[in-house]
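Engineer: Given next are the chains, with one letter for each unit.
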Amino acid sequence: MSGASPVLAVAHGVAMVGLDACPVRVECATGTGLPGLRLVGLPDAALRESVERVRSAIERQGLRWPGGHRVVVNLAPADLPKAGSGFDLPIALALLAATGQVPPSALDRFWAVGELGLDGSVRAVPGVLPVAAGARDAGAQGLLVADAAAPEAALVARLEVTGVADLREVVGVLNGRMTRRSGVPAPTLPSAVTHDLAEVRGQAVARRAVEVAAAGGHHLLLAGPPGCGKTMLARRLHGLLPPLSTDDALEVAAIRSLAGERRPDEPLSHTPPLREPHHTVSAAGLVGGGSGIPRPGELALAHRGLLLLDELLETPRPILDALRQPLERGEVVLTRARRQVRYPCEVLMVAATNPCPCGYLGSPARACRCRPDRVERYRSRLSGPLLDRLDLHVELRAVERDRLAGPPDGEATEVVARRVAAARDLAAARWGDGRLNRDAPVAGLRATTRDRVARTLASAVDQLGLSARAFDRALRVARTLADLAGEERIGGDHVDEAVAYRLSDLAVTP
Amino acid sequence: MTAALHGALDRVAADGTDPAALAGVLGWVLRPRRTAAALRRRAADGANPSAVGMGPAAQLRVLAGDPPAEVHAALVDLAQRWQRLGVQVALVGDPAYPPRLAQGWPDVDAPAFLAWRGRLPVDPPTVAIVGARQASGYGTGVAAWLAEAVADAGVGVVSGGALGIDAAAHEAALDGVSGTTVVLGCGHEVAYPRPHARPGGLFERVLEAGGGLVSELLPWQPAAPAHVRARNRVVAGLADAVVVVEGGARSGALVTANAAADRGIPVLAVPGDVRAPGSVAPHRLLGEGAAPCVEPSDVLAVVRGGTSVPVPPAEPNPTPAGPLPADVAAVLAAAWPRPVRLDDLAVRTGRSVGTVLAATTRARVVGVLAEGPDGVRLRRAP
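Line by line, the protein sequences are chains F and G. Straight run, no breaks: the first sequence in the numbering used here ends on number 526. Straight run, no breaks: the second sequence in the numbering used here ends on number 1437.
Quick caveat, the hints were computed from the structure, so don't treat them as lab data. Note that the Cβ used here is the ideal one computed from N, Cα and C, for glycine as well. Be careful, since some hints might not be right.
Computed from the model, here is a short list of chain F residues facing chain G with C-beta under 7 angstroms [claimed, not checked]: (1) Arg224; (2) Glu347; (3) Ala383; (4) Gln479; (5) Asp509; (6) Val515; (7) Ala516.
Every beta carbon over 10 angstroms from chain F, so not counted as near; a handful from chain G, in silico [claimed, not checked]: (8) Gly1062; (9) Asp1100; (10) Val1117; (11) Ala1129; (12) Gln1138; (13) Val1177; (14) Asp1230; (15) Arg1284; (16) Val1310; (17) Gly1344; (18) Val1349; (19) Ala1389; (20) Arg1393; (21) Val1408; (22) Gly1409; (23) Pro1428.
So that you can see chain F by itself, here it is in the shape it has in the complex:
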């Protein structure tokens, strides 16, 4: 028996745990023993099959397979579970380095991610963008990726992204025999307004609420009969959100890439995401989940954008309850036996609901067919903790036909968006970190309020029978109203208006 084999070659890859990138050393040692290849270091099923792909790829490309030796490939750190086929390329590189076909020193600079075909072609894997960012942060100078994935990986700054077609090209590039083809970053797509607020007729209160929601990041509840424009308004709210910064756009793209929703050659969009999960969505679909490393759900996919939950009251209560903590913390924490995965989810939530089970309560067009006690039970599902997290409540009514046919009677998105951006800037300057009034510290809010105004708010909350939590929520909304007006201190008018956006518990009775 020989002693411990010396490590012969090391290639570098990246494993993703949620959005967190962990550098992985792919170590390859050859030694005496029965010929064969062993892959160790917690590979999952797809990764274990990697051996077959790598062997076929190396042989078909006319490269040398380390035959006649016992070969061990270790993925370190060994206790980190690794998933997916993206390690095919680093494993192949480690083997090629161990057999002297590529210079080992080149592998310190060039990290790699990609799946291998049996013919030796290099294929793209989902999640290249966060892998590339992770590689750069862990010290890589360059990254070898499939041609198809190069535009996405090249979005990451200060990283030499090289697109490769097959293993032969990889070997040529690393030996300096072939010219490196640098990845060309995908074009960026400026934020585009598709739905204009000017198209909305009537609904003056709802339009104002939409503006306030966009300016302060306040979660919004729209209640009204079918066809009164809830979804329409929600889409316009999306148009009011300021475009994403490049960093934010990359973060959003990284989550989409992880979820496998992003084509690698897709332009980098600066439009905030808009997610509209159907009301039959499962808890895992909403907050994320799945076997192995949990995948991002709709909440994370709506990060820095808008989550529109239509038919809120048709969604089962446990699923709605699962929203509460992530909304409060701005991140989803998914804890599994081996791992804890965090996904950011700073979302603006817009919930839409019918006023009653049949939807026509209060509609002038159709009579409601619900028994009043059923309406009351239906609405009571809204009450409590969930309602408390929705800062703005608006009851919509259908717009009369003559106003629908009439001329536009409201401001355009462009005009409102300017006010929204100005208010957001004020809030960001006050709280730092680009924070919104939704997430502002309570003490800070109180500091910008006169005592007299706070007392007015307290008495209004008391008189109108609102919950104690409504005080805090209304103060946040009032802060945004003051910001929209460009005022440093929260005034009486601001708190009074803020209270008007709270649905009282007894909305059924006069």
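Place chain G on chain F using the hints.
Structural biologist: Structure of chain G alone, referenced to chain F:
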């Protein structure tokens, strides 16, 4: 009758109600196989000749006799449950039992006993204001207007405590001198309708304002449709006039109106929008000869006997609009008692939504504005 049973019942019996008689009637009610036929047989036996010709409720009182031993425990439990809620009980014919419910109308279906919290409307003239649960803003506005005006004039308001019109009437009458009376469609332990029964809800405020909650049912009996319909006759029986504000073709308000008509209690109806579904009941009543009610004096005239009594212009509210800006108040006053949607308020005054919302909130806080599903309206007549 054991001392324990006597003591328990004595604690819930109203002034002038005999615990022994109470035990007899309630014992009969609690009996597993009590039937009207069994009671008739007892009457026919001639055990008590005075029972012949009486209505069933009065007969029960005379014929029930001592409760059998097997219901003693249930009776004690019943009395304790009532006592925990502060309920008083009286039998038909007792001094505390409202005489107009027992006499003056055929004694066929007066409740055998009444259980109430708070105060019963015994002497003051009383008006029943009833209507649909699914009320429009116009309906609740009119109900509140009528209720407040008659309450200010010293007339009690009785209704069914339901959502919608009933609630608007009770709410508006809270501050009146006579208080307001809710006739429940369920027992006292049942929280129905829930928004009114919860702490701080309408029922609690009715009691605080010196009004009463009445039920003809055992404390645990639910708000079954039959119970709710039956309570409408009690609403009518406690009133000197019945005003129907809004209701559909099958509204319980029609039951109340029919019960009143049967007993010769005047029925008034508030005309509504001819095409609104909630106008069916009042318009049908108007067609059948009910008096139109277009202002509070119409009701007061009927209650006070024939002559039209103008509502005392007492305390013409100097500031019905409170802190509202003049133009906003003018729009609301013009629409009153119809509510105005906040969107429209902003459009018609040309003000920004923000200022309208702030102003209406202030007005709601000081109580000059009422908010409903159809918008806001002035609480008091402009």
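Engineer: Decide, hint by hint, whether the structure agrees.
Structural biologist: Structure-based check of all given hints:
1. Arg224: holds (4 angstroms)
2. Glu347: violated (33 angstroms)
3. Ala383: Ala383 of chain F check passes; min Cβ-Cβ to chain G is 5 angstroms, inside 7 angstroms.
4. Gln479: This interface hint holds because 5 angstroms falls under the 7 angstroms limit.
5. Asp509: holds (4 angstroms)
6. Val515: holds (5 angstroms)
7. Ala516: Holds. Min distance 4 angstroms.
8. Gly1062: holds (39 angstroms)
9. Asp1100: Given that every Cβ of chain F is farther than 10 angstroms from that of Asp1100 of chain G, nearest at about 45 angstroms, it holds.
10. Val1117: Fine: 39 angstroms to the nearest Cβ keeps Val1117 of chain G off the interface.
11. Ala1129: Ala1129 of chain G is indeed farther than 10 angstroms from all Cβ atoms of chain F, at 30 angstroms.
12. Gln1138: holds (29 angstroms)
13. Val1177: holds (28 angstroms)
14. Asp1230: Consistent with the label, Asp1230 of chain G stays out of reach of chain F, its closest Cβ about 15 angstroms off (over 10 angstroms).
15. Arg1284: Since the minimum Cβ distance to chain F is about 14 angstroms, Arg1284 of chain G lies beyond 10 angstroms and the statement holds.
16. Val1310: holds (17 angstroms)
17. Gly1344: Consistent with the label, Gly1344 of chain G stays out of reach of chain F, its closest Cβ about 28 angstroms off (over 10 angstroms).
18. Val1349: holds (20 angstroms)
19. Ala1389: holds (18 angstroms)
20. Arg1393: Consistent with the label, Arg1393 of chain G stays out of reach of chain F, its closest Cβ about 13 angstroms off (over 10 angstroms).
21. Val1408: violated (4 angstroms)
22. Gly1409: At about 5 angstroms from chain F, Gly1409 of chain G fails to clear the 10 angstroms cut-off, so the statement is violated.
23. Pro1428: Its Cβ does come within 10 angstroms of chain F, the nearest being 5 angstroms, so this is violated.
Consistency note: the structure conflicts with the earlier hints numbered 2, 21, 22 and 23.
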